[in-house]
Each structure stands twice: as C-alpha cells, then as structure tokens.
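Protein chains: 2
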Amino acid sequence: MNKKIALLGMGTVGSGVVNLIRENEDLIHSSSGVGFTITHVLVTDTTKTRTADVSNIRVTDDITEIENADIDLAVEVMGGIDSTKEIIKRFLQKGIPVVTANKDMLAVHIDELEQTAAENNTALYYEAAVAGGIPIIHTLQHSLNANKISKVMGILNGTTNYILSKMAFDGWEYDDALKDAQAIGYAEADPTADVEGIDAARKTLLLARLAFDKKFTLDQVKLNGISGVDIKDIELAKSAGLTLKLLGVAEDLQGKYNLAVEPIFVETTHQLANVHYEKNAVFVNGNMLGEAMFYGPGAGSYETASAVVSDMINSAVITAEAKNVPAENGELAEELADSAYYLRFNESLHDVQSFLASLDVQFENIDTEEAAFRTVKMSGAVLQQIKDKFAVAAAYKINGAE
Amino acid sequence: MNKKIALLGMGTVGSGVVNLIRENEDLIHSSSGVGFTITHVLVTDTTKTRTADVSNIRVTDDITEIENADIDLAVEVMGGIDSTKEIIKRFLQKGIPVVTANKDMLAVHIDELEQTAAENNTALYYEAAVAGGIPIIHTLQHSLNANKISKVMGILNGTTNYILSKMAFDGWEYDDALKDAQAIGYAEADPTADVEGIDAARKTLLLARLAFDKKFTLDQVKLNGISGVDIKDIELAKSAGLTLKLLGVAEDLQGKYNLAVEPIFVETTHQLANVHYEKNAVFVNGNMLGEAMFYGPGAGSYETASAVVSDMINSAVITAEAKNVPAENGELAEELADSAYYLRFNESLHDVQSFLASLDVQFENIDTEEAAFRTVKMSGAVLQQIKDKFAVAAAYKINGAE
Chain A
1 MNKKIALLGM GTVGSGVVNL IRENEDLIHS SSGVGFTITH VLVTDTTKTR
51 TADVSNIRVT DDITEIENAD IDLAVEVMGG IDSTKEIIKR FLQKGIPVVT
101 ANKDMLAVHI DELEQTAAEN NTALYYEAAV AGGIPIIHTL QHSLNANKIS
151 KVMGILNGTT NYILSKMAFD GWEYDDALKD AQAIGYAEAD PTADVEGIDA
201 ARKTLLLARL AFDKKFTLDQ VKLNGISGVD IKDIELAKSA GLTLKLLGVA
251 EDLQGKYNLA VEPIFVETTH QLANVHYEKN AVFVNGNMLG EAMFYGPGAG
301 SYETASAVVS DMINSAVITA EAKNVPAENG ELAEELADSA YYLRFNESLH
351 DVQSFLASLD VQFENIDTEE AAFRTVKMSG AVLQQIKDKF AVAAAYKING
401 AE
Chain B
1 MNKKIALLGM GTVGSGVVNL IRENEDLIHS SSGVGFTITH VLVTDTTKTR
51 TADVSNIRVT DDITEIENAD IDLAVEVMGG IDSTKEIIKR FLQKGIPVVT
101 ANKDMLAVHI DELEQTAAEN NTALYYEAAV AGGIPIIHTL QHSLNANKIS
151 KVMGILNGTT NYILSKMAFD GWEYDDALKD AQAIGYAEAD PTADVEGIDA
201 ARKTLLLARL AFDKKFTLDQ VKLNGISGVD IKDIELAKSA GLTLKLLGVA
251 EDLQGKYNLA VEPIFVETTH QLANVHYEKN AVFVNGNMLG EAMFYGPGAG
301 SYETASAVVS DMINSAVITA EAKNVPAENG ELAEELADSA YYLRFNESLH
351 DVQSFLASLD VQFENIDTEE AAFRTVKMSG AVLQQIKDKF AVAAAYKING
401 AE
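One line per chain: the protein sequences are A and B, in this order.
Residue 197 in my numbering is what sits at position 197 of the first sequence, and the numbering runs on without skipping anything.
Residue 346 in my numbering is what sits at position 346 of the second sequence, and the numbering runs on without skipping anything.
Don't read these hints as lab results, they were simulated from the structure.
Misleading hints may appear alongside valid ones.
You can't tell identical chains apart in this list, so a pair holds if it fits in one copy or across any two.
No farther apart than 25 angstroms at their CA atoms in a straight line, the calculated lysine to any residue pairs in the SDA-like style are these [said to hold, decoys possible]:
# : residue 1 : residue 2
1 : Lys151    : Ser301
2 : Lys256    : Glu331
3 : Lys214    : Asn121
4 : Lys148    : Ala299
5 : Lys89     : Asp72
6 : Lys151    : Tyr277
7 : Lys166    : Thr269
8 : Lys238    : Ser348
9 : Lys94     : Glu321
Okay, chain A solo, but in the shape it has when bound (with noise of 0.2 angstroms):
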C-alpha cells in the first residue's frame, strides 16, 4: 500500500521525517507493508537550500495547491497556531486523517479538530507533540486503555531539565546554565516558554486530557518555572538524598483535577532523579497497573521523526473505531493535595523550629546553619500557616514522601 504525504513544513522535524522515511524506507515497508511518498512539501520560502533532498517533492508555498492535490495523509511540523489549525481543519473536513507534532496549537484547539475528524471519519495524531520520540500518547490510547489513571507525571521539558542537570552536576548557577543551554541550541533566545514551565504545560494538558478523558484549558494548569531556582537549594537537598525536577503534574483528585508545572524534589534514588539532561521522562499510576514509566528523548529532528512517522504507519495499517472526544469540562480541586515540602527560610533557625513543632508538624531539619527544612505530608492549610508566619525563600514539594 502506497500512501501519497503532503508535508506541511520543513524545520528540524520535517527535515528529519523526508530523511527518515529515506533511509528506513525498506524496513518500513517490509514490517508493516506500508510505503510512503511525500508528494509535496509546504514551506516559506521556496528558494533555501534544505537539508534534506527534497529531488522529486514539490515543494510549494502555497498551501491551496496542496489542499486541491490528491493526497492521503497531512503532516504538519509548521508550527503556528490559529491559521495552522485552520489548515488542519480543512484537511479533517475532506475525511484526510493529519498527523500533527504542533503542541502549542494542539493545546488549544485539539477538542475542536478532534470533533472534526470525528465527524469526518477520519482521526488525528499527534504521538510527537508530547515528549518527542516518547511513544506516550499511543500508549495511553492503546497500552494503557484497561486502567483507571489518577497520575500522570514527568519531566516534559529537556530545555529545563538540561538547566537543572548543569546545576546539580556542576553546582552552576541558575544564569550560568541558562546561557550554556542557549549556546548549544537546546534553549531560545527568549526562554520563556521554556524556563517559566507554559511549553511543559501545553503537555501537561494533552495528557491530562488522555488520562482523565476531559477537556482542560490552559489556563487550568499551574504554573512555576525555574527561573528562582537558587542553587543553594538544589545544593543544600543534595545532601538530603532529594534532586529537583521540573515537573508536569496531572492528577485526579476524586474527580476533579489538580493540573501543575512546577520544580519538585524526588528522591535520588527514583527513576525521575536519573532521567538527566536534555531527556524525558513520563510516569503514569494505573488503577491496575500501578506504576509504569516512559523513557527517551524528548526533542531532535530524528527522535521526534521517530514519533510522527510512527503515527503515518498507524494511520495507514490501523483502523480504529472514532475516538469520543470527552465530552466533560474537567474541574480543578478547590484545595492543595497533601504533600510534604522542602523549606528554606531567611529567618533565625530556631524560631523557625520552635514555630513548626508548634504546629505538630514533623520535620527534619536538612542544614545546622541554614534554616531548611524538610517536612513530613502536611495539607495546603499548614503550608499557608507557616507562609503568613515566616518569610519562605523556597518551598517546593516531595514526591512521594510520606
């Protein structure tokens, strides 16, 4: 069987799908029978050189010409996100199933095209916009579709997870593992998205949405980036057994839902605190399956072609029933799970330890001279207690811990 792609951008994950589907061409084709030929390509500018051969692909900046051509299969690594969304839409209308990588316009718009391809008979994928190469978004469909999920949780940023590695390896600052990041490519030279936790959270929100079959906005999900992380506190944990992480948190908390980013010691001991550097990593906790985790690559032009590749063979051998779109809102919980926290305070140790015993709150203090802490599970009330009482430097939870 031989299925007609038009490619819809040609950046570091177009690049890497045409040279992908180049050199596995025959592996594909003789484990799943499937062969793939990439009749256009859409692009901004027709004239620059790419580096991928592109020998007999049209390649056009004109998406009509593609809309009015006879393909089988879209596959949009543009970016872009109201008028790109739009594009797909028209694709989903004409019952042409798209395979999709743009999590900033997903994270938006996926209910609406999900409805349309519904409607159309067709489907949409998008295995590569959450955790690159990661397959967790075919496992959560398919591997994963016997269990009730409560948690789904991981490090879905490598920009940050690359600053925090830096950090906790070589004691860097903050600052100074920003600009390495930056300087080897892995971050912007506007690391917002990054740093503050919103690209980790757009993630955040096509897994929750998978994993509780509800429909989140963005604005649901909690953001804390990393761009106050001292390494003083990342230090001072170390020698507590805790590593910190920037991580996505969906949880169900009796059916409504706690949606976060945000940095979290984990032991040093836990399959999170050694997924380093520019990795992924994505945690799931099944009413049957308990514990389960999802490894690899979280970004690179082959990595991610790994993934968005796999969704055109899928597309082309798997004929699924049509998906339901959930049809609920999910609501957030009103309170703060119980967690415990590690605390770090500008104020006189022993008024600090004096005040927490007053409390009833076990803890441990981690540092004879500085006034850090680490708590036993206490609820958000306790939490907001010794907030109003002292000035808190750092408070970030612990994964896990009882």
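Position chain B against the provided structure of chain A, taking the given hints into account.
Chain B only, in chain A's frame:
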C-alpha cells in the same frame, strides 16, 4: 460493540482479568466503546472456589464445549505448551483472535501460531507474555515501528531482580535471598526457570523476534543465571559504582545476532540500576529514536491483567493489516562483541596485574586486597587469554562502558 469472551484458565492472571473487567467495565466502555461478556471459563476443577465472581459465566472443564460455543475472542491464561498451542491454533483456524499471556508456549510455537493467524485473517496478541504490565510488545509493533532496532535489553524476570536487590541492599547471601523470595511467593519451590535465566530467555526471544523481524529458537539464547553469584562481587563492585542486574540482551551485530541472559553490571546512575525488587524494565535502541526505556510491574494479577485486557480492547477496536511472520531465521554472531568487564581472580593481585598489563588492556584494581578489576572494552579473544592463564572467580560484562 459487545464481545463474547472465552477465558481459558482461572489462576492468578485469569482471576485478575475477571476482576479488572468487572471493576473498570464502565471506563473501558466509555473510552473505547467496547463491552466484554465473559461467557465461558475453562478450568481443570469445576468444583474449586474462585477468587473472582463467576456468576453468569459458564465454568467448564470441557474445551470442546467452548470450541463449539459462539465466541468472539479467546483469552488464554492457563499455561501449558504443546496441547495449549493446539487449542489456540484451532481458534485461529476458525478466524477467532486469541490473546495469550503464555510465554513458555510462545517461545516455542509463536511462528506457527502467527502463520495460522495470518492465513485465517485473524491475529494473535501477547502483550502480557513479556514484562507483565509493561506495554513493550505493542510499543515495538506500533510505536517504534519507524526504527531499525539495534538492541533490546531488559530486566525481564522479577524474581531474580528481587533476589539481586536483596543481596545489594541488605548484603544477603544468594541462598538467603532466594529463601526470602520463596517465602513471599515470588519464587517457586523449584526456582530453576527463574534463577537460571530460562524464563528471561523466553522473553528475550520474543523481543528479539519482534525487534529484528527474524525467527529464533530458544537454544540460541545463551544462558547464565544468578545461582552462582557471590555477594562478594556485588559488594566489591558497589564501591566502584556498579550494580549487578540479570539482563536479557538481544543485539544486532551487523546482521547476525547475540541473544543472551546473563548477570551484567550497570552504572549505579543508569536507569536500569534503579529498577528495584520485582520491577521490570526494557531498554530499546533504535536508529532514529536513540535510547528509550519502559519501566513497570513485571508480574502480578491485576498488573498482568492490565496487559491482557489492553490486547482484548485492541483486538476489538483496531483492524490492523495482517502482520508478516518473519521470513528468515536469525543467525548467531560467532564472536563475542567487545565489552568492558568486571573480573575477580583467586590469584595473587600482583600476578594478575602484571599479566593484564602485558596484554595491553586498560584496567583498574577495585580493591587493594582482592584481585578484582574493572577493565575497559576488550575482545572475546583477550578475555579467553585471561581465562586460559588464570582461574577466574567471577567475570561479568559492564554495560555501556568504553
């Protein structure tokens, strides 16, 4: 859509399947549109009390009765090899798909059964046969399908991982750790299949077959179990930052293959080193993806049922093209791949050091009293020279080291 199920077997996994379907029935129906009605259960003793509710299910010890019944899907969780294969084959010949968790049977008969399935336009599903609840089979088939896989390596047996974890964490001798594993029900009274690596070898074969699209036989998997592991080596290597794991390894060495189950040291910071006790994990190297890892429960009633039921759902909602049965037999590589090693000798430290130096092998003495060494990568031929010269008390590969 409602599917009528015959469940063959009602042990730990079978009970888990019945309980899972009862507990998550609504969730499965709302997310996938599928309902399952277990119409028949095959048991050996119809008078036995069950740990799952079998009301409204026909419980029989007569397979012929089930074969004559009107069912949509057979789910085999009863074990047995040749006779069970014949039963499964008869369902496939009638065009009825089969889900099986039976690795012992598949390791011998999978080629014949997949051939039968393909000829009858139906399918065989076996997610639960490898690494319990971890969805590695479906992932290799549907998510890493754009990759040429060069290596699959994993902790595929929870019993031996539990024993090695007990030895590493608590400093126990092998015999004591084995007795503990037997006492809590992880190890059988006769632990041979687990501790000698036979169980892991079956799973390694199934992974290799999928990863490389070649047929293999069990006798092609080199076996080295853990019954000979000395706590001394675990402790000496721990001080050098190494953790011993029983790994199933399948690697492509330029079109020939190495299939083995053996204890291998991994760096303590490696993902696999932090897979503790009864947990399983599978590493995959793909030419586009690079490294990915899949971690989770390797056994358990509900955990394994999670995989079985995902197959059941997929058999109902996915209409995939018929899979190709591998056309060729996989040939074993003749030479050992180069590897770094941990070596310990019952010899004078000085004698061994002089000899290793004369071989132009880079090495490091791990302990000033014991003749225990960590070498850099060397060929199988050099290892043989060393073994010819000295009595080697322990020799384990070190994963990934240069």
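Now for the hints, and whether the structure bears them out:
| no. | hint | result |
| --- | --- | --- |
| 1 | Lys151 x Ser301 | between (29 angstroms within a copy, 21 angstroms between copies) |
| 2 | Lys256 x Glu331 | within (5 angstroms within a copy, 55 angstroms between copies) |
| 3 | Lys214 x Asn121 | within (21 angstroms within a copy, 36 angstroms between copies) |
| 4 | Lys148 x Ala299 | between (29 angstroms within a copy, 19 angstroms between copies) |
| 5 | Lys89 x Asp72 | within (15 angstroms within a copy, 37 angstroms between copies) |
| 6 | Lys151 x Tyr277 | both (24 angstroms within a copy, 23 angstroms between copies) |
| 7 | Lys166 x Thr269 | both (18 angstroms within a copy, 16 angstroms between copies) |
| 8 | Lys238 x Ser348 | within (22 angstroms within a copy, 40 angstroms between copies) |
| 9 | Lys94 x Glu321 | both (18 angstroms within a copy, 24 angstroms between copies) |
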